[in-house]
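Dock chain U with the ligands against chain X, hints included.
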Amino acid sequence: MLSALLIMALGAVVLGAALGWASIKFKVEGDPLVDKVDAILPQTQCGQCGFPGCRPYATAIAKGEADINQCPPGGEEGIRKLADLLGREFKPLNAEHGVEKPKSVAIIDEATCIGCTLCIQACPVDAIVGAAKQMHTIVAPLCTGCELCLPPCPVNCITMQPIGETVETWKWKYPVIEIKPAEDKKAA
Amino acid sequence: MMRELFNFHGGVKPETNKAQSTREPIVVAPLPPHLVVPLHQSIGGTPHPLVQAGERVLKGQRIGAADGNVSAAVHAPTSGKIVAVEPRVMAHTSGLAMLSVVIEPDGEEAWMPLYPSNYRSMQPDEIRDTLRDAGVVGLGGAVFPSHLKLKGARDKRMTLILNGAECEPYITCDDMLMRERAQDILRGAQIMRHMLGAQDVLIGIEDNKPEAAQAMREAARALGERMDVVVVPTRYPAGGAKQLIRVLTGIEVPHGSRSTDYGVQCFNVGTAYAIHETLNLGRPLISRIVTVSGNVERPRNYEVLFGTPMSHLVKLAGGRPDTDRTIMGGPMMGYLMPNPDVPVVKATNCVIAGSRAMFPPPPPEMPCIRCTACVDVCPADLQPHEMYWFARAKNFGKAQEYHLFDCIECGCCAYVCPSHIPLVDYYRFAKTEIWARERDKAAADSARERFEFRTFREEREKEEKAAKLAAKTAAGRQTAEKKAVPAAAPAGDALQAAAAAAQAEGTVATPSAPPQPATADLSAPVAAETAPAADPKKALIEAAIERARKQREAVSPKNTDNLSDAKRAEIAEIEARRAKIREMAKTHDEDGAS
Ligand code: SF4
Ligand code: SF4
Ligand code: SF4
Ligand code: SF4
Chain X
1 MLSALLIMAL GAVVLGAALG WASIKFKVEG DPLVDKVDAI LPQTQCGQCG FPGCRPYATA
61 IAKGEADINQ CPPGGEEGIR KLADLLGREF KPLNAEHGVE KPKSVAIIDE ATCIGCTLCI
121 QACPVDAIVG AAKQMHTIVA PLCTGCELCL PPCPVNCITM QPIGETVETW KWKYPVIEIK
181 PAEDKKAA
Chain U
1001 MMRELFNFHG GVKPETNKAQ STREPIVVAP LPPHLVVPLH QSIGGTPHPL VQAGERVLKG
1061 QRIGAADGNV SAAVHAPTSG KIVAVEPRVM AHTSGLAMLS VVIEPDGEEA WMPLYPSNYR
1121 SMQPDEIRDT LRDAGVVGLG GAVFPSHLKL KGARDKRMTL ILNGAECEPY ITCDDMLMRE
1181 RAQDILRGAQ IMRHMLGAQD VLIGIEDNKP EAAQAMREAA RALGERMDVV VVPTRYPAGG
1241 AKQLIRVLTG IEVPHGSRST DYGVQCFNVG TAYAIHETLN LGRPLISRIV TVSGNVERPR
1301 NYEVLFGTPM SHLVKLAGGR PDTDRTIMGG PMMGYLMPNP DVPVVKATNC VIAGSRAMFP
1361 PPPPEMPCIR CTACVDVCPA DLQPHEMYWF ARAKNFGKAQ EYHLFDCIEC GCCAYVCPSH
1421 IPLVDYYRFA KTEIWARERD KAAADSARER FEFRTFREER EKEEKAAKLA AKTAAGRQTA
1481 EKKAVPAAAP AGDALQAAAA AAQAEGTVAT PSAPPQPATA DLSAPVAAET APAADPKKAL
1541 IEAAIERARK QREAVSPKNT DNLSDAKRAE IAEIEARRAK IREMAKTHDE DGAS
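Chains as they are written, first to last, in this note's numbering: chain X, 1 to 188; chain U, 1001 to 1594.
Next up, chain U with everything else stripped away, as it sits in the complex:
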């Protein structure tokens, strides 16, 4: 049956350079002397290391636990000894280091016990957790955790799309995987279909891979599964998820929405294979198929353990002496590696050894002539020259208005640009710059909020203290005011003031100290101390209390505790008399003052 196929806008037809690496079957790459496994290999949180230097690990043992649900675990690719858990240079253009686990293989390849599971008897959430803990991510290059995509839409007829288009030049890892392990891919697709509740399963393969399409058809027949292999015209970037969905179903997924909402979900064939291995065989994701091509004698596909240095692969394939660069991914969307020894990670579908002869330096960049050749080829229906203009002018708001974030960085525009403008570099620059600004802004906003809350809290505390103090001083006004006159303020004064304040404190709404007995000598300093210097108006009184307290401390007897009752009564009497005298003195003072 012939399906009706749809078309996507633009696209280019570069030299495919695929034949070289499909001549020989996939072979397992021998163990390198060291494996450097970065913990952060997928979109989302960086997994936490679970091992320490010196420990022994088994093949498939979890060494990094997923950080939250948007993350995927990392496993030991082989058995051996952990040499270090330290930052190492990542397979990333920046050349920055990230926390990695360095393993020295013992050569035994001793697996940890494997527990295959029967997905049909598992809860969907259980399956998702299993996939997350097995580190399964999209192997097409986006490394998005697969368990997050395996959610069906309840009220929609779902279509599962397996992406075997593999449109980018040089890369043949999916092609070879489909030729050699078609049945296992489809077993993974069975699990996906089960999870998504998908009625239709479409397998999109470009028409330059007839062997792969044939193998997949036969596998579907052998498994008795109704899965349609659809051959699509070869045109870069037909393998982009959105482009393939468009070609196969005619659905256009708008930016910012998930394809599930439109009843489609698209996975790479390599991901399907990984899901099969995880659930049916119990093996976590520790290796993948990597195409090694370019400036090498024997380009081919290897099954490579994560953490294997790229230079190891290039050497295996017979890298030529004039190789001067290593590219991860294809020539259109790939990234230049900071050095040849960076490890293969989950995102590494292809390693291209490059030389000056193979990729001559581009001719100098000329001004944009607004020929709109880039517009004609943009598969995302964007206006690359406008985005370029605003990115170059660092007018990021405008660049976003031209839907910068819809750009899939396919490189078609730069490929056709007669002015040789490295357009994608501008888009990548603008995107990372915008992200950085958003991060800064979020941090500043949170700091502002926290600062404002702190200021508010301090205000509130100040008010509360002031209210407390007001209540205190209202009760102890007479004596307290009196103490502003230092000469006439003997020790007992403070005692009374404090006692009065303490009593008052017992009556206010939020007392910080329990009511103090009026006679207790020791209560004076305590109360005086708790009285805060909050209100400037009361500062004077405060100072006086403080001074009196010091005086009293200097002269007051320390042995008042064990006095007889008679003595106490006598003291109280004297104090009362003193108070009366002070009262008189105060009125006298006021008279004198006025």
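Chain X extracted, bound-state conformation:
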């Protein structure tokens, strides 16, 4: 009897210690839902959603303070993924926040650039290099296409260039031919 009690008590102590250790060791850092939402957002950091970057928007979504259809760069696909994740209804992109555009990168017309450094200060991902009174340039692979550098430029030398498909980024078409309703045919 006593030994049984002792064994049970010992078991409780050991398990309790193990649980306590595990809760410290495997402590969840931050809010996992925010991370999951943030992982879906495109990280363009453009602020079109009305938040100063993707993570603040992710936090707002996770708290239920913002709707899921406010991110134009994420587009329909992004909204669908958010809806799936959060178990909410899909809704089309809120036009107030902008429209979905083809992915672009900013290009500085280097002949016109006066080296004012204003665009550097605006770029959320440090994709612009340059120094005062020196020509600036954009590191294209780092540019997210957020367009935040366009308004500050005093000589309007930054333009957005859509990124075309290349042989490396080209994708095979989905082999399923969508079956259209017969009315379409008649109309055409």
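Think of the hints as simulated: they come from the structure by calculation, not from any bench.
Don't take each hint at face value.
To be verified - Here are the simulated SDA-like cross-link-like pairs (lysine to any residue), alpha carbons at most 25 Å apart as the crow flies:
#, chain 1, residue 1, chain 2, residue 2
1, X, Lys171, X, Pro72
2, X, Lys101, U, Ala1442
3, U, Lys1441, X, Phe51
4, X, Lys171, U, Glu1365
5, X, Lys171, U, Ala1097
6, U, Lys1431, U, Glu1409
7, X, Lys91, U, Lys1441
8, U, Lys1441, X, Gly164
9, U, Lys1462, U, Arg1450
10, X, Lys171, U, Glu1433
11, X, Lys173, U, Ala1393
12, X, Lys103, U, Pro1087
13, X, Lys173, U, Ile1327
14, X, Lys63, X, Gln48
15, U, Lys1431, X, Gly164
16, X, Lys36, U, Gly1397
17, X, Lys81, U, Glu1401
18, U, Lys1465, X, Gln121
19, U, Lys1156, U, Arg1003
20, U, Lys1567, U, Arg1578
21, U, Lys1394, X, Gly78
22, X, Lys25, X, Ala9
23, X, Lys101, X, Gly164
24, U, Lys1441, X, Gly75
25, X, Lys36, X, Ile24
26, U, Lys1398, X, Pro32
27, X, Lys63, U, Glu1452
28, U, Lys1431, U, Ala1097
29, X, Lys91, X, Arg55
30, U, Lys1398, X, Leu85
31, X, Lys173, U, Gly1095
32, X, Lys103, U, Asp1440
33, X, Lys173, U, Pro1338
34, U, Lys1013, U, Lys1242
35, X, Lys171, U, Pro1087
36, U, Lys1315, U, Glu1024
Only chain U with the ligands this time, still in chain X's reference frame:
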């Protein structure tokens, strides 16, 4: 001696259609009016163009320099004038353009000076660099830079496998190369053996090419090299690298690992020939053997310069008028070309002219009946119907779980599928889609990281500024607070505040400006300007300093520099008196306020 052969799973036996194109020997294709040489012809980085429009080039001159080590150079296939360096439509199903060098041949075929090298006296790294700069890539179709594969494993007995199986229907370029240039292929194999330190050299040839096997055996004897020609049963896809390795050695190379780790390395016979040309003759890779077959009068093999339009070859072989498509590669694994004029590239082993009569449109796709006929023939031991199911449902994670990336796109499954499902199209779709997602994800992750670092940096800078300001204001508190009362804040106030701040600044850990002399009038605006509006609490003080500065600028004499010492002393005295009055006024104010 009979070797024990192993077996690979599955496979099919389609109509080979090879006899047509082996009747006549290889012939050099005449020069076309223009050569369009794409810079990107191999796995890895796109080479940088080294020439400009208007320049003259010699045959074999490098026109594209390898971009990093995983890349291979590109050379001018003939002498002539560069007409343009511009994007042109690639030999790729997408029909997209890529940077290409357009050459107008002058017909002289003037070679640049050639420097054959003696590989036995070269360092392995030197040989690898030579191969990279000569643009040597795998000519079986994968166009993987060969120099990257030519590395021996130190603690392993290495086996070199030459792939002459050539299992795909219609294609006979390796067959003809082996029949006609067996010795040169084996000279290339000697170099490979030397590089890999390979004891065994096995040459795998399907049993439907007895002439090639005979020629290779004789060549090995003539060269006095111990290289085994192994005849393997004809079964598609016996020429897949993994399948051939399996058949010849019994080794199965798992996905994601290199065959070197298992002591085998497999090269196409055409690659061996190219390596011989590069090192023993000093010639870079500028041409290859291409089978032209299908809907043509005289199917045969040509030695073709890269950049030759495929339509040029089809015309040479007598393309029939009802030809309506051009396929690069064989009918099983080949790719439909966007137009017949795309150039021959390093990956082009075969050009098939097709017509509706030859390749009738497939019957309509029916639902999968889960007959598992595809499973029975898959040489990669996959479950094609499951991968199809998930690729169709765009459930890419699941498709990957079924080892989508082990699929070699051999087309056996689609060949036997009773429902006529274009299975390979689904796999290609899923693969490119997964790659695109991975690219997007990598880009988003890097953007997130950079954004977070930038935010962190801004925070840090703000804190540093705030700390600086705190130190400043602590020193200049009395006067600074005073200035919040505009009416009682004459010009000298700012001067003192700034001077005090400047002194304080000299004492903080990270001063941005050197300590300023307390008497210097001009130091006031400088110090006031450097004081940032960081902390909202201090914004009020900041605003007051700013206002005072403006006032002072409006009234202060601009000629204080060249005053006599007596005058200066007088001014200082007055300032001191004013300060005292202000001090009193401030206490008075505070009393009034409280
Ligand atoms: S709108 Fe811009 S900042 Fe907002 S979540 Fe989308 S990409 Fe990020
Ligand atoms: S360069 Fe311009 S468009 Fe590109 S990420 Fe920076 S601010 Fe945005
Ligand atoms: S062969 Fe075709 S029908 Fe049969 S299981 Fe495979 S995909 Fe389905
Ligand atoms: S195409 Fe892929 S799935 Fe189909 S048989 Fe070949 S390796 Fe197997």
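> Honestly, which of those hints from before does the structure not fit?
Replying inline: The structure conflicts with no hint, since it agrees with every one listed earlier.
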